[in-house]
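**Student:** Letter by letter, the chains look like this.
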Amino acid sequence: MVDEVDELIRMLKDEALSSGVRLGILIALYYIDGYVTFADLQRDLDIPKSSLHQHLSMLQENGLVEFKRGITPLGVRTVVKITNKGKGIVSRYLELVRALR
Amino acid sequence: MSSDVHELLRVSNVTVRRVLSRELRKAMGLYYLLWGTYPIAIAALYTISYEFSVIESVLSLRVFSLPMMFIIMMAIAMIYAFLSRRFFSMAYRVSRSPIIVNRRGRYWLRWVITSIIMVTTIAVYPILVGLGNVYNAYIEYIPAVVYATLVAFTNATFFKSGFIRARYYDYLANASFIILFPLSLIYYFGYYILSLIWIYAGARSLLEVISGG
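First to last, the sequence lines map onto chains A and B.
Take the first sequence: its letter number 37 is residue 37 in the numbering used here, and every next letter is one higher.
Every number in the numbering used here is 1000 more than the matching position in the second sequence, counting from 1.
Be a bit skeptical, because a hint or two may be false.
[To be verified] Below 30 angstroms or equal to it, Euclidean Cα-Cα: the simulated DSS-like pairs (lysine-lysine) are:
(1) A:81 - B:1160
(2) A:13 - A:81
(3) A:85 - A:68
(4) A:87 - B:1160
(5) A:85 - B:1026
[To be verified] Here are the in silico distance ranges between beta carbons for each label pair:
(6) B:1188 - A:97: 15 to 23 angstroms
(7) B:1142 - A:71: 40 to 48 angstroms
(8) A:11 - B:1045: 19 to 27 angstroms
(9) B:1041 - A:76: 24 to 32 angstroms
[Unchecked claim] To be clear about the criterion: a stretch of chain A counts as covered by chain B if any three or more of its residues have a C-beta under 8 angstroms from a C-beta of chain B, and this derived list gives those stretches:
(10) 9-19
(11) 30-41
(12) 85-98
No lab work stands behind these hints, which were simulated from the structure alone.
A virtual CB, placed ideally from N, CA and C, is assigned to each residue, including glycine.
Could you build all of it, start to finish, from the sequences and the hints given here?
**Tutor:** Spelled out as structure tokens, the structure:
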């Protein structure tokens, strides 16, 4: 139990996951397991474009998400997708949360 | 754990809820729209087979024979099921998530409502026969009711997480499916009414996403 708490706190101290918004975006992308457009994310979270861009750039720098222009049914849009590394981290995070419940 | 970590987890849960509530509703809307077009696709197939029957007889081809029609219908159903797979896998993963705290636990009510609709639909059958309908394929009618009920329960996966609320059009789509799907074996126009209701539910769901409701 103590080990799990320590590991969870260590994980959340990581620069990429030290923000609730970034952690939330990463978990949501894990469940969606596909592309989400930047515009949809911004509308969902109701935060300025610059803030969202900053959060996603941070996640991308750490290799947790892919963040690029892509073709969608509505035309060319900026899309975001979780990477395998990101999936691994969220999967471990959820295991820890499950163990602590 | 420190209050900072608690705050971080709280914000992350709010973020997850905001994103997933819209994505789940969007998935549900696309699912309704997709299956709403199924009866239309099958009707188109029948029309094509009718139109080409003359050409077939001239060329001595049997492309639209009954077994072949059945295979084509099953192939279309498989394509639709494949396209629905992504929606359901997302809903299933979310419903089993450990981050959900406030699960909506009124499943017994759904069971009661669905059971009442199912029993009523079955009870309607002898009345239809009594009214002079010659249809007597009880063997097809009962499995159709059971299948439709199972579909309605599977659709409930979208609501298990409590991230989206069931609206009147969700109830309308699922109740109409349990009632109209088996009845459509007797009265074909039922498929088209079902199609309209599901397209309506799909459109309302997507409008909910757009309006942020």
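**Student:** With reference to the structure, classify each hint as holding or not holding.
**Tutor:** Checked hints:
Restraint check for residue 81 of chain A and residue 1160 of chain B: the C-alpha separation of about 25 angstroms stays at or below 30 angstroms, so the hint holds. Taken as a hint, the residue 13 of chain A and residue 81 of chain A pair is honoured in the structure, with Cα atoms around 23 angstroms apart against an allowance of 30 angstroms. A hinted pair counts as satisfied when its Cα atoms are at most 30 angstroms apart, and residue 85 of chain A with residue 68 of chain A qualifies at roughly 17 angstroms. A C-alpha spacing of about 23 angstroms is found between residue 87 of chain A and residue 1160 of chain B, which places the hinted pair at or below 30 angstroms, so the restraint holds.
Between the alpha carbons of residue 85 of chain A and residue 1026 of chain B the distance comes to roughly 27 angstroms, so the proposed pair stays at or under 30 angstroms and holds. Between residue 1188 of chain B and residue 97 of chain A, the C-beta spacing of about 51 angstroms breaks the proposed range 15 to 23 angstroms. About 47 angstroms separates the C-beta atoms of residue 1142 of chain B and residue 71 of chain A, a value consistent with the hinted range of 40 to 48 angstroms. Take residue 11 of chain A and residue 1045 of chain B: their Cβ atoms lie about 53 angstroms apart, and the range 19 to 27 angstroms is violated.
Taking the beta carbon of each, residue 1041 of chain B and residue 76 of chain A are about 30 angstroms apart, inside 24 to 32 angstroms as hinted. Under a criterion of three residues with beta carbons nearer than 8 angstroms to beta carbons of chain B, the stated coverage of the stretch 9-19 of chain A is upheld, 4 such residues being counted. A count of 7 residues in the stretch 30-41 of chain A with a Cβ less than 8 angstroms from any Cβ of chain B is obtained; the coverage claim is therefore met, three being the minimum. With a threshold of 8 angstroms between beta carbons, the proposed coverage of the stretch 85-98 of chain A by chain B holds, since 3 of its residues qualify and at least three are required.
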